[in-house]
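If you want the building blocks of each chain, they are given just below.
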Amino acid sequence: TQLLEQSPQFLSIQEGENLTVYCNSSSVFSSLQWYRQEPGEGPVLLVTVVTGGEVKKLKRLTFQFGDARKDSSLHITAAQPGDTGLYLCAGAHSNTGNQFYFGTGTSLTVIP
Amino acid sequence: NAGVTQTPKFRILKIGQSMTLQCTQDMNHNYMYWYRQDPGMGLKLIYYSVGAGITDKGEVPNGYNVSRSTTEDFPLRLELAAPSQTSVYFCASSYTYPGPLASYNQPQHFGDGTRLSIL
Chain A
1 TQLLEQSPQF LSIQEGENLT VYCNSSSVFS SLQWYRQEPG EGPVLLVTVV
51 TGGEVKKLKR LTFQFGDARK DSSLHITAAQ PGDTGLYLCA GAHSNTGNQF
101 YFGTGTSLTV IP
Chain B
1 NAGVTQTPKF RILKIGQSMT LQCTQDMNHN YMYWYRQDPG MGLKLIYYSV
51 GAGITDKGEV PNGYNVSRST TEDFPLRLEL AAPSQTSVYF CASSYTYPGP
101 LASYNQPQHF GDGTRLSIL
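Order-wise, the sequence lines are chains A and B. For the first sequence, our numbering gives the first residue as 1, with consecutive numbering after it. For the second sequence, our numbering gives the first residue as 1, with consecutive numbering after it.
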């Protein structure tokens, strides 16, 4: 099993604050995806990163893939209540590219 | 387009009963997946399929069976329901390029889930 650990597991912050969510593994991934899931719905893709050191921005969200492609981070600037949800990272290997291994998730609550 | 559609949305089973969770997609995706999501455990892959007629086991296949007779449909069957199979089940699909680009997987599109309780 390719274990992806996310931290923190739970996060509750005030609107306007910044936060960072981490996704770590001992395995090297060929690509890594971040999803957001809202209650009662399936996960929705936010971003895919494939190159070590890659940084992608999606409005107030910044995603980084570690140089060794074993870890990733998601930084949210000036969090909004609409950012509330479960954030999941998922990694795939080139030799088993059919399978994605999901992290344990970070549940974020942004308080107005 | 409807995307990925799962039925039913909710179901309660008794121990030992069987049922089939339905999943269909209208995006002509070649890959389809079944996951289960338990509280605090993330998503675990049960089975996946790279195309019609081809299926493979994921991390947690025991107690489940799948088939892929068409590109659109990927049903998941529970033959003898057990309390440990109480979970939320998600079906997903994606288009993955063959060959050297296989490592760059396209996004997975998820259904809204089936909430299954076994009592």
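Since the hints were derived computationally from the structure, they do not count as laboratory data. Fair warning: there could be bad hints in the mix.
Think about it this way: if two alpha-carbon atoms lie no more than 20 Å apart in a straight line, the pair counts; the simulated EDC-like pairs of lysine to aspartate or glutamate are [unchecked claim]:
no., chain 1, residue 1, chain 2, residue 2
1, A, K70, A, E38
2, B, K9, B, D112
3, A, K56, A, E41
4, A, K59, A, E5
5, A, K70, A, E41
6, B, K44, A, E17
7, B, K9, A, E41
8, B, K44, A, E41
9, B, K57, B, D26
10, B, K9, B, D38
11, A, K57, A, D83
12, B, K9, A, E38
13, A, K57, A, E17
14, B, K44, A, E38
15, B, K9, B, E79
Now for the hints, and whether the structure bears them out:
1. K70(A) to E38(A): Measuring from Cα to Cα gives roughly 26 Å; hence the hint is violated.
2. K9(B) to D112(B): holds, 8 Å
3. K56(A) to E41(A): Roughly 25 Å separates the two Cα atoms, so the pair is violated.
4. K59(A) to E5(A): It is violated: about 25 Å lies between the C-alpha atoms, which goes past 20 Å.
5. K70(A) to E41(A): violated, 28 Å
6. K44(B) to E17(A): violated, 32 Å
7. K9(B) to E41(A): Holds. K9(B) to E41(A) sits at ~11 Å (cutoff 20 Å).
8. K44(B) to E41(A): holds, 16 Å
9. K57(B) to D26(B): violated, 23 Å
10. K9(B) to D38(B): Within the cut-off at roughly 16 Å; holds.
11. K57(A) to D83(A): holds, 15 Å
12. K9(B) to E38(A): holds, 16 Å
13. K57(A) to E17(A): holds, 18 Å
14. K44(B) to E38(A): Holds: K44(B) and E38(A) sit about 18 Å apart, inside 20 Å.
15. K9(B) to E79(B): Measuring from Cα to Cα gives roughly 19 Å; hence the hint holds.
Violation of the numbered hints given earlier is confined to hints 1, 3, 4, 5, 6, 9; the remaining hints are satisfied by the structure.
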